[in-house]
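*Asks:* So the chains spell out like this:
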Amino acid sequence: MKMMKPYVWLQTSDDSIQQVEQEIAMFCPLICQEIIQKGMGSSKNCAICLPQQVSPAMLSLILDYCRFHQVPGRSNKERKSYDEKFVRIDTERLCELTSAADSLQLKPLVDLTSRALARIIEGKTPEEIRDIFHLPDDLTENVEVEEEHVDDRSVDDLLSFINGNDGGKLNILTILIFVFT
Amino acid sequence: MKWWAESYFCKKPKQLSSFLILLIMADDIISSFPDEILCHILSFLPTKHVVATSVFSKRWKFLWRSLPFFDFHYDGDLFDYDRNNENYSHFLHSVDSFLLSRDRDQPLHRFRLRSDSTYGHPVSIQRWITAAVSGSVRHLELYLDWGFVLPSVVFSCKTLVDLKLTFIQVENNFSVDLPLLKILHLNNISSSQGLDLSQLLSGCPNLEDLELKGFISTTKGKFIKLSKLVRASIHEDLLPLEVVKDVEVLFLDSKYQQILDFYFQNLVRLELILQLSKDWLGVLEVLEHCPKLQTLLICIYKV
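Respectively, the protein sequence lines represent chains A and B.
FYI, UniProt numbering numbers position 2 of the first sequence as 2, with every residue one higher than the one before it.
FYI, UniProt numbering numbers position 131 of the second sequence as 131, with every residue one higher than the one before it.
No wet-lab data here; the hints were simulated from the structure.
The beta-carbon is built from N, C-alpha and C at its ideal position, and this holds for glycine as well.
A hint or two may mislead.
For lysine-lysine, the following DSSO-like pairs were computed, each having C-alpha atoms within a straight-line distance of at most 27 Å [said to hold, decoys possible]:
hint, chain 1, residue 1, chain 2, residue 2
1, A, 124, A, 85
2, B, 48, A, 107
3, B, 220, B, 245
4, B, 158, B, 220
5, A, 77, A, 107
6, B, 61, B, 158
7, B, 182, A, 107
8, B, 164, B, 245
9, B, 164, A, 80
10, B, 164, B, 182
11, A, 80, B, 182
12, A, 77, B, 292
13, A, 38, A, 80
14, B, 164, A, 107
15, B, 182, B, 213
16, A, 124, B, 220
17, A, 124, A, 80
18, B, 222, B, 158
19, B, 245, B, 225
20, B, 292, B, 245
21, B, 213, B, 158
22, A, 85, A, 107
23, B, 292, B, 228
24, B, 225, B, 292
25, B, 58, A, 124
26, A, 124, B, 292
27, B, 158, B, 182
Estimated spans, in silico, between C-beta atoms of each pair [to be verified]:
hint, chain 1, residue 1, chain 2, residue 2, range
28, B, 301, A, 79, 50 to 58 Å
29, B, 93, A, 127, 41 to 49 Å
30, A, 131, B, 301, 44 to 52 Å
31, B, 248, A, 81, 24 to 32 Å
32, B, 266, A, 88, 37 to 45 Å
33, A, 111, B, 100, 24 to 32 Å
Next up, chain A with everything else stripped away, as it sits in the complex:
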């Protein structure tokens, strides 16, 4: 019987190739599929090509995560406190990590980082959020475009839109303002 290879070759988004413990890399379903179904990764020449989202820095973070959780016999408390520290990184890296983990189909890590991002979003003003995530403030622009669009309609069109079918009424309701106290 052929022995299981302890290492696997991975190629990251910058085209660099590295050797990684197979046992740990197999934690990522995408890598696991490549190894088992396609027999990839056994040598440098047939390295597994990782998705564009996985940079070397992200791969190293993800492997740290897998390495910790792969060790049996850790208590839930230990795992939880590791996870908490693990996502204490700057927001930009947290986003990159989410995207990389998602591309490798590593669901527990996607859950962890998504939860951390949700916590960042919760309870902040839109301005704060735009600052943190560098979002464009492009909504006012949008309103102008919509107004122009409305002006294009004839009065009859508008009236039938407001009084008419269910779809029309629905659109009017989207204007309602949400007030939560």
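Following the hints, complete the assembly by docking chain B onto the known chain A.
*Replies:* For chain B alone, coordinates are given in the frame of chain A:
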């Protein structure tokens, strides 16, 4: 030149424009996520915060509409009747507009509502629940204070996987058909004639997790065998222990005086609440019937 630019420029030049766009957008990574990840992130937030994300930027404007989750919490003001009334009608109005403006082609998978208003529950809440149940809701969690009568259709919702009810009134007669239900938590349920647990459980053949607390059971028939049950938490003698004898995790409060003529074959974790004055022989008796037990947790309260 940095590595990424180098490696890019050595490749096909026709992708240049998209590459430049990527560079400009590079900072705003989160907006480049596919909808599925963004919605996954939003799924961890209460709906009120989810809706608030619509004012972040264009990318976020309509995301909330397709999210299959309903998660609202109303925290009432017990001491100021007028203010509470006003806030509560605001709340109801806002939830109504949420339901009307969301993308109704997207079914609600999770419906979670907690309301601490003590001034009655208008029909709109019943309407919301009925709508969710006639869709394909999987998780239904309600915490409403006394007096709210649950629409009975909830108990014949074939898509329901997880049902958690706290402080709710149920009607006296209803049929139960919950073929997919795995988790059932009932806490402080009222019913003018008491709840027939054997009838209720007979409609939940795939139950894995059962929690019963704070109500009166008027069981008439026999209990079915819940062969998939893994975890049970039983208070106030609401269920004969024999029904839960195959579980792996069991929580009991003190009053069990039943004679054990069976073994808890699979039990690995047992949690007990005891009164200090209770005799410990009873505990020993239970322990003798748990051959696989690994963890025993005992909470004692003084009387």
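*Asks:* If a hint holds in the structure, say so; if it does not, say that too.
*Replies:* Checked hints:
With a CA separation close to 22 Å, the supplied pair residue 124/A and residue 85/A stays within the 27 Å bound. The suggested pairing of residue 48/B with residue 107/A holds, with an alpha-carbon distance near 26 Å, which does not exceed 27 Å. The straight-line distance between the Cα atoms of residue 220/B and residue 245/B is roughly 21 Å, inside the 27 Å bound, and the hint therefore holds. Between the alpha carbons of residue 158/B and residue 220/B the distance comes to roughly 25 Å, so the proposed pair stays at or under 27 Å and holds.
A distance of roughly 20 Å separates the Cα atoms of residue 77/A and residue 107/A; the hinted pair therefore holds under the 27 Å criterion. Annotation: proposed proximity of residue 61/B to residue 158/B is violated, straight-line Cα distance about 33 Å (limit 27 Å). A C-alpha spacing of about 22 Å is found between residue 182/B and residue 107/A, which places the hinted pair at or below 27 Å, so the restraint holds. With a C-alpha separation of about 23 Å, the suggested pair residue 164/B and residue 245/B falls inside the 27 Å cut-off, and the hint holds.
Distance check on the hinted pair: residue 164/B and residue 80/A sit about 26 Å apart at the alpha-carbon level, within 27 Å; holds. Proximity of residue 164/B to residue 182/B is assessed by CA-CA distance (about 11 Å); at most 27 Å being required, the pair is judged to hold. With a CA separation close to 26 Å, the supplied pair residue 80/A and residue 182/B stays within the 27 Å bound. At most 27 Å may separate the alpha-carbon atoms for a hinted pair to count; residue 77/A and residue 292/B meet this at roughly 24 Å.
At roughly 34 Å between alpha-carbon atoms, residue 38/A and residue 80/A are farther apart than 27 Å, so this suggested pair is violated. For the hint linking residue 164/B to residue 107/A, the alpha-carbon distance of about 26 Å falls within 27 Å, and the restraint holds. About 18 Å separates the Cα atoms of residue 182/B and residue 213/B, which keeps this hinted pair within 27 Å; it holds. For the suggested pair residue 124/A and residue 220/B, the alpha carbons sit about 53 Å apart, so the restraint of at most 27 Å is broken.
Taking the CA atoms of residue 124/A and residue 80/A, the gap is about 25 Å. The hint holds against a cut of 27 Å. Restraint check for residue 222/B and residue 158/B: the C-alpha separation of about 23 Å stays at or below 27 Å, so the hint holds. A hinted pair counts as satisfied when its Cα atoms are at most 27 Å apart, and residue 245/B with residue 225/B qualifies at roughly 10 Å. With a CA separation close to 13 Å, the supplied pair residue 292/B and residue 245/B stays within the 27 Å bound.
For the suggested pair residue 213/B and residue 158/B, the alpha carbons sit about 24 Å apart, so the restraint of at most 27 Å is met. Proximity of residue 85/A to residue 107/A is assessed by CA-CA distance (about 18 Å); at most 27 Å being required, the pair is judged to hold. For the suggested pair residue 292/B and residue 228/B, the alpha carbons sit about 18 Å apart, so the restraint of at most 27 Å is met. Only pairs whose Cα atoms come within 27 Å are accepted, and residue 225/B paired with residue 292/B is accepted, the gap being roughly 21 Å.
A C-alpha spacing of about 18 Å is found between residue 58/B and residue 124/A, which places the hinted pair at or below 27 Å, so the restraint holds. Distance hint between residue 124/A and residue 292/B is unfulfilled; the C-alpha atoms sit about 50 Å from each other, more than 27 Å. This hinted pair checks out: residue 158/B and residue 182/B have alpha carbons roughly 12 Å apart, not beyond 27 Å. At about 31 Å, the CB distance of residue 301/B to residue 79/A disagrees with the hint of 50 to 58 Å.
A hinted range of 41 to 49 Å is violated for the C-beta pair residue 93/B and residue 127/A, which are about 27 Å apart. As the Cβ distance of residue 131/A to residue 301/B is approximately 50 Å, the hint placing it in 44 to 52 Å holds. Restraint check, residue 248/B to residue 81/A: a C-beta distance of roughly 26 Å satisfies the suggested window 24 to 32 Å. For residue 266/B paired with residue 88/A, a C-beta distance near 39 Å keeps the hint of 37 to 45 Å intact.
Range check, residue 111/A to residue 100/B: Cβ separation about 31 Å, and the 24 to 32 Å hint holds.
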